[in-house]
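Please put together the full structure from these sequences, using the hints given.
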Amino acid sequence: MFRILGFALAIATLGLSACKSEGVTGHGPDFEPSPLVMADSSLPVEMSASRYVLANGLNGWQGELDFTFRNDTDRLISLLNCNGTFALRLEKWENGTWVPAWSPILPECLSLPIEVPPGENYQHQLHVFSRRPGSNTHPQFYVDPIDGTYRLVILAAFWDYHDYDSTWGEEPPLEYRVSAPFEISTAG
Numbered sequence: 009m010f011r012i013l014g015f016a017l018a019i020a021t022l023g024l025s026a027c028k029s030e031g032v033t034g035h036g037p038d039f040e041p042s043p044l045v046m047a048d049s050s051l052p053v054e055m056s057a058s059r060y061v062l063a064n065g066l067n068g069w070q071g072e073l074d075f076t077f078r079n080d081t082d083r084l085i086s087l088l089n090c091n092g093t094f095a096l097r098l099e100k101w102e103n104g105t106w107v108p109a110w111s112p113i114l115p116e117c118l119s120l121p122i123e124v125p126p127g128e129n130y131q132h133q134l135h136v137f138s139r140r141p142g143s144n145t146h147p148q149f150y151v152d153p154i155d156g157t158y159r160l161v162i163l164a165a166f167w168d169y170h171d172y173d174s175t176w177g178e179e180p181p182l183e184y185r186v187s188a189p190f191e192i193s194t195a196g
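In the numbering used here, the protein residues as written are 9 to 196.
Careful, some of the hints might be misleading.
Label-pair restraints from in silico Cβ distances [said to hold, decoys possible]:
| id | residue 1 | residue 2 | range |
| --- | --- | --- | --- |
| 1 | 92 | 179 | 14 to 24 angstroms |
| 2 | 143 | 167 | 32 to 42 angstroms |
| 3 | 108 | 64 | 14 to 24 angstroms |
| 4 | 90 | 168 | 42 to 52 angstroms |
Hints listed in this document are in silico derivations from the structure and should not be mistaken for laboratory results.
Don't be surprised by glycine CBs; every beta carbon is placed ideally from N, CA and C.
Have a look at this one:
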């Protein structure tokens, strides 16, 4: 029963967050990124913007974060997924360290892996939707305030993928699965 409800909530969340709002990505003339954001743009997860604005919708915050994952290794990277949705996390820079800040609710299925050969790119759009903090529905941001400096970490990436046991393969080091810092702010 809970799996069905979780799956239904995930589908509803993806459907609601697919509505694009004005000003969700990009940056205006008054935007000044923090020095951390300017630090490194050579990491393998390339965000489409240095700042994203989450719209204040009827049921929570929402927006789209477009990114490109580049396989900078000399081995095939397989992304474990369910119908194209894979595990990742937004981490926020707080008090000199990266802390988990948000992750999507994922359906429980196992599709064929998304394969990214060495030197190749995979483009994806992350639909960020967050219910109001303190509500009894998820996903939610785990941090308060939401506004700040973030990075995106891909969690379900493996070298030498295999499906005969639950290890799935060898996880590449973090530096092959992470974005440069970017800003997220909330509107309204």
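Tell me the numbers of any earlier hints that the structure contravenes, in ascending order.
4
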